Every structure is written in C-alpha cells, then in structure tokens.
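A.B. asks: Could you put the whole structure together from the sequences, leaning on the hints where they help?
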Amino acid sequence: MKNLIFALALIISGNVLAADSQYQLGVNGLACPFCVYGLEKQLSKLPGVKQIETDVKQGEVRLLVKEGVVLTEPLAREAVKKSGFSLRSFKKLNAGE
Amino acid sequence: MLKLQGLTFCFLMLNGFMAWAAPMTFNTALPVADDEFLMRFQSFVRQSGNDPSTLDRDLKVKAFVTVLGYGVSSKLALFGVLPYLDKEMRLSVNNQRWQRNTNGLGDLTLFGRYTVYQQNQLGQTFRIAPLVGVKVPTGEDQETDALGELPQPFQLGTGSWDFFAGMVSTYQTLDYQFDTQLSYRINTEANNFEAGNEARWNMSLQYRLWPSSIQHGFLYAVMESNLIYRYQNRINGYDDPNSGGLSLLLAPGIQYVTKRWIVETVVQRPVVQNLYGVALENDYTFWASVRFNF
Numbered sequence: 001m002k003n004l005i006f007a008l009a010l011i012i013s014g015n016v017l018a019a020d021s022q023y024q025l026g027v028n029g030l031a032c033p034f035c036v037y038g039l040e041k042q043l044s045k046l047p048g049v050k051q052i053e054t055d056v057k058q059g060e061v062r063l064l065v066k067e068g069v070v071l072t073e074p075l076a077r078e079a080v081k082k083s084g085f086s087l088r089s090f091k092k093l094n095a096g097e
Numbered sequence: 098m099l100k101l102q103g104l105t106f107c108f109l110m111l112n113g114f115m116a117w118a119a120p121m122t123f124n125t126a127l128p129v130a131d132d133e134f135l136m137r138f139q140s141f142v143r144q145s146g147n148d149p150s151t152l153d154r155d156l157k158v159k160a161f162v163t164v165l166g167y168g169v170s171s172k173l174a175l176f177g178v179l180p181y182l183d184k185e186m187r188l189s190v191n192n193q194r195w196q197r198n199t200n201g202l203g204d205l206t207l208f209g210r211y212t213v214y215q216q217n218q219l220g221q222t223f224r225i226a227p228l229v230g231v232k233v234p235t236g237e238d239q240e241t242d243a244l245g246e247l248p249q250p251f252q253l254g255t256g257s258w259d260f261f262a263g264m265v266s267t268y269q270t271l272d273y274q275f276d277t278q279l280s281y282r283i284n285t286e287a288n289n290f291e292a293g294n295e296a297r298w299n300m301s302l303q304y305r306l307w308p309s310s311i312q313h314g315f316l317y318a319v320m321e322s323n324l325i326y327r328y329q330n331r332i333n334g335y336d337d338p339n340s341g342g343l344s345l346l347l348a349p350g351i352q353y354v355t356k357r358w359i360v361e362t363v364v365q366r367p368v369v370q371n372l373y374g375v376a377l378e379n380d381y382t383f384w385a386s387v388r389f390n391f
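For the protein sequence lines, the chains are A and B, in the order given. For the first sequence, this note's numbering gives the first residue as 1, with consecutive numbering after it. For the second sequence, this note's numbering gives the first residue as 98, with consecutive numbering after it.
Calculated directly from the structure, the hints in this document are not laboratory data. Bear in mind that the values here come from a model prediction, so they are computed numbers and not experimental data. Glycine is no exception: its CB is placed at the ideal position from the N, C-alpha and C atoms. Please note that the accuracy of each hint is not assured.
[Claimed, not checked] Ranges of calculated distance between the beta carbons of each label pair, as one might list FRET restraints:
#, chain 1, residue 1, chain 2, residue 2, range
1, B, Trp358, A, Lys91, 27 to 35 Å
2, B, Leu175, A, Pro47, 22 to 30 Å
3, A, Asp55, B, Asp153, 55 to 63 Å
C.D. replies: Laid out in structure tokens, this is it:
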C-alpha cells in the first residue's frame, strides 16, 4: 500500500512539473552581466515565476512559470521596462522547446 | 604658516568619487533598475609632490569612499557618497620640515541622475542622462593641530554647500563601452575661503578582453581621461594666484564584471598640468573599488 501511495505521489509531482510553463523573452539593451541582475530582479517579482535564465549574448531570458499562472506580454513588458530595458519578443514555449 | 592659506593643493579636493558603475573615475548612464540598490566601496591614494615652490610640499590623501545608489524608477536614480579621508602634508618653512595630518569623515555628496534618452537594441544600448547634485558640509572644516588651524584646502570638509550639474552619455555593446561626461561644479564660500569652480570633460573606453559567458563574468581593459579646468580659489575675497589651472589625466585600468559584483583598479596620471602660480602638481592617483547590487 505504501509503495502504491509513493508511486502515485511521484506521478502527481511529475505531472505538476510537466505543467509548469516556459516563456522566452527577447530583451534589447542588455550588454553586460551587471545589468542582468536588475532585469532578473524585476522578472522574479512577476507572479508564478520559479526560475530565470538569461543569455546576455543572445539577449534572451527564459522564465519557468508555475502551473496555473499565465504570464501575459504586457506584464513582461512592464517588468523589462522597469529594469531599464526593452522587450523585443515574447513567446510561450511548448514542451520540449 | 599663514602663507599656507594662499597656497593651493590642487588635487586635494575629491573628484570622480561619485562614480558608481562602468567608468571608474566618473559616472555612467547605464540603468539602475526600479527598486534596485547599488553599493560601492572605493579607496584611493593620491600623491602630490611635484612642488614648483620653495616649500617642497608633499601631500598624500588616502580615502575610503562609500557610495549607495537606489533606483527610484528605471530612469531616476539617487546616490549618496560619503568619504573617509586621511590627509598628510609635509612642507619646509624656514629650513624646518613640518608635518600636518588630519583624518575623519569628509563632506557628504547627494545627487540624482535622470535618463532623458535611451535606445535599446539587441546587445547594445545608448543613453543620455543629466545629473545634478549637492555637496553638504558634513566634514570638519575648522580643525586645528599643534601648529594652529589647518589650511582650508587641507580640512576634511569645505564648510560650504557646493553644487554641480552635468550630462553623462553611454554607448554599450557586448564588446566595448564608451562613456563621456560633461560637468560643472559651483563652489561657495565658507570660512573666508572659496574653492574655484570646476569644469570637467571625462571619457572612458572599456574593451572586453575575456570571454562572453555570463557565468564567468566579463574582463574589461579600461582607459579613461579627465580634462579638468579649475578656476582660482578666493581667499578673503581675493583670487589666489597660486591656484587653479588646466589638467589632463589619463587612467589605464582593469575591471572584472559579474552579475552581482564588480572589482576594478586604475592608476590615474597627469599628462598635462598647466596650473597657475605655484599650485601643487599631482603625481598619481591609485584607485581600487568593489561594487555590489542588491
């Protein structure tokens, strides 16, 4: 019985992880590591954001957002603007992207 | 000793210490994000010993400067700068060598910077930001030692409220960064002494030497220049003929930049010093600093 419950828990948690959504933001104006902190600080304040990865060279930020939370482009644009940069593109990634 | 009042210790005044970001000896127009804090700890040693007068003056100023910046919005940033100073002066009067020292907190500087223009593109940004500030007379300005009251330029604080304004511009790419700043400083009178006003034109070029990965940070080679014109000081309402003049300083340095901190060092040396009278010339200034954001 215990094994069955554990297996169920694993399946459920796996589903939760799989349900998190990923977004890719293109950010203009980013040209050095020190500026990344201010951008990530603003993005981390967005609801549901669990993880942020920034590629300075490509001017891209990947956000992992909690299941059930939808990140909208205006929200992302405002956060990027608050850090002093400009949103170039906004895309919700499909699983595996 | 009264004669000292009429002499200028030209590089005694702190300058460039308000810098917080990319350039080391002045400011930048790069953004401070909304609700972001910046902290900078900067130290420098300034040696001035090339004395054209017969006093054989030798002046060393050591400073530890704390800078706190805050982003009120993505365009408006406020800064506070507080130096701790240690000054030592040696000079010969009547064939006797004298030494005078003082140390303690200097004057507090507060200033704001507002971005009026920005153009962001992939991997590059261009910005223009005026700045305006005030130096508050928080440092001791009537200190005495065994020889009497210290000369006004040698005091920790000026005792005066001084004002400055300028414009800084930055163009930054992934490979290099160029900053330039024009500024003008108006000094007011206190204790019958008024330091001459000051006009500056600063430039900085930073070139990325190594590598592109953010995990490892960026290593920049830096070259900065400071063209400074100081008007003559006024003592008891009269111009001091041994003060003020034109200086051009060059400062090669190196800077390592990560996401959370920057460490940097630079040596600033004069290449031109056309000073009035027997104003004391600067030999070099060695700077080192570390900055954090949070």
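A.B. asks: Identify every previously stated hint that the structure contradicts and give their numbers, smallest first.
C.D. replies: none
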